[in-house]
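Asks: Input sequences plus hints: build the corresponding full structure.
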Amino acid sequence: MKLAMVAGDVTLVLDDTGTILDAAFDPKEFPAFAGWIGSNWIETVTDESRPKIMEMLAAARRGEVQHWRQVNHPSRDGEVPIRYAVLSINGGAHRIAFGRDLREAGKLQQRLLQVQQSLERDYLRMRQLEARYRMLFERSTEAVMIIEAATLRIREANPAAHTLVGARAGSLAGKKLPSVLDKSSHDALQGLVGAALVSDTVSPTRIQLARGARDVMASVTGFTQDRGQFLLVRLVAASDRPLALPLPVLELVDQMPDAFVVADANLEIVTANAAFVELLQAASIDQLRGRHLSESIGRPGIDLDLIEGQIDQHGAARNVSTVLRVGHDIEGEPIELSAVRTGGDDPYYAFVIRPIGRRLRDLPPGSQELPRSVEQLTELVGRMSLKDIVRESTDLIERLCIEAALSYTSDNRASAAEILGLSRQSLYSKLHRYGLGNLAGDND
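Residue numbers (UniProt numbering): 1 to 444.
Source of the hints: derived by calculation from the structure; they are not laboratory data. Only a predicted model underlies this, so the values are computations on that prediction, with no experimental measurement involved. Some hints here could point you the wrong way.
[Unchecked claim] List time: in silico EDC-like cross-link candidates among lysine to aspartate or glutamate, alpha-carbon distance up to 20 Å:
| id | residue 1 | residue 2 |
| --- | --- | --- |
| 1 | K430 | E398 |
| 2 | K430 | E403 |
| 3 | K52 | D15 |
| 4 | K387 | E398 |
| 5 | K28 | E104 |
| 6 | K175 | D187 |
| 7 | K183 | D215 |
| 8 | K28 | D15 |
[What the hints assert, rightly or not] Between beta-carbon pairs, the in silico distance windows are:
| id | residue 1 | residue 2 | range |
| --- | --- | --- | --- |
| 9 | M54 | D22 | 19 to 29 Å |
| 10 | R299 | K176 | 45 to 55 Å |
| 11 | S203 | R227 | 45 to 55 Å |
| 12 | L108 | E295 | 53 to 63 Å |
| 13 | K183 | P159 | 19 to 29 Å |
| 14 | S179 | P159 | 17 to 27 Å |
| 15 | E156 | S203 | 23 to 33 Å |
Where a beta carbon is used, it is the ideal one built from N, C-alpha and C, also for glycine.
Replies: Shown next as structure tokens:
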């Protein structure tokens, strides 16, 4: 019995007819096997396993070498798979069936099957994605190349790239990218590659091809694959039309002391000069490109809307006082800006920004002081009734708000009335009441 327990998980001693004379198994592992002694072995298995039992018993009578056969025993928790081998003993009078539990192996096989199916699904998905990528890569009208970052060797190039550089179809793979460029563009290429490896947003650079001395705009994006660094290079033929601004004007705008920034129709930064980059304490314009102006200029939902309103009404916004916020600064630095907008369905905005904090600090004291204050109103207690003091306080606050609105809009009364929520006629009436403007000379 000890030998039988070591030999298999389930051991059965059978007579010539297949009746179980003795059984050895762990009752904790096989609770459904209790009470088998005295039963026929064939009665303990499922219907589809009975032919296997009969074949094993017949082979044991003939003294043939047994092979392991799997049979299933019914139980409350489902079928229990056991793999048996039958041996004859005592001159063929008895037989011993050694059984091995296949439940753990079945679970492993099931998990293996699930993993294999998952891998096959992933492989099929990757093949589909690769097919789509290959189709887009080959049929794209934009010249695209995959470059090894370390050696600048061309790994792949689509037909549009071969056409653009004037090379035979399929001849670019294996060549180095500088070999298809003019020598004068090698330094620009090295700078573009270095920037692409450390930044996600790099401005396109004009380079010149070796064949035909043709100018193209090169955009480079770095990525990692198979533990190596690669570059996705896109080449677009540079427009033959002259630039909207001559190069000297572009250089002067970049060197001007006042900040200059261009934004698209959504007020997202497109480009800016060095003064604006320095004003926002950024490393380069690439760090600011795509950022919304409301993140840095004015109070959200107020100032930029006011500026757009002035541009709609007058064609430009001149000397608007607002603030510039850097980082997490809530109050911001006082600035003065002017803005214009191009026409068309997809306009661009241009802003000239000038810090005025120092100018405000240099103003002579008392030039902006009001004739009355809250302290003066509190001194009226005891000399006037509360009703009269409240009326005086209301007039003071109203005058302060009107003066602040006029200062904020650079004395633009139409804009001041809009932000105060007043009609223009009502604002004029209050200006006349407080002596803040000459209605006869007003040309709004």
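Asks: Would you mind marking each hint as holding or not holding in the structure?
Replies: So, going through the hints one by one against the coordinates:
1. Pair hint K430 plus E398 holds up; C-alpha atoms about 9 Å apart against a cutoff of 20 Å.
2. Straight-line distance between C-alpha atoms of K430 and E403 comes to about 11 Å, which keeps the hinted pair within the 20 Å bound.
3. Note on K52 and D15: the hinted pairing holds, with a Cα-Cα distance of about 17 Å set against a maximum of 20 Å.
4. Between K387 and E398, the direct Cα distance comes to roughly 17 Å. Compliance with the 20 Å bound is thereby established for this hinted pair.
5. Our distance criterion of 20 Å between C-alpha atoms is met by K28 and E104, whose separation comes to about 15 Å.
6. Proposed proximity of K175 and D187 is supported: the alpha carbons are some 18 Å apart, at most 20 Å.
7. Under the criterion of a C-alpha separation no larger than 20 Å, the hint pairing K183 with D215 is consistent with the structure, at around 13 Å.
8. Between K28 and D15, the direct Cα distance comes to roughly 26 Å. Violation of the 20 Å bound is thereby established for this hinted pair.
9. Range check, M54 to D22: Cβ separation about 21 Å, and the 19 to 29 Å hint holds.
10. As the Cβ distance of R299 to K176 is approximately 53 Å, the hint placing it in 45 to 55 Å holds.
11. The hinted range of 45 to 55 Å is not satisfied by S203 and R227, whose Cβ atoms lie roughly 29 Å apart.
12. A hinted range of 53 to 63 Å for the beta carbons of L108 and E295 is consistent with their spacing of about 56 Å.
13. Look at K183 against P159: about 26 Å separates their beta carbons, and that is inside 19 to 29 Å.
14. Against the hinted window of 17 to 27 Å, the Cβ-Cβ separation of S179 and P159 comes to about 19 Å, which satisfies the hint.
15. Evaluation of the 23 to 33 Å hint for E156 and S203 yields a pass: the beta carbon distance comes to about 24 Å.
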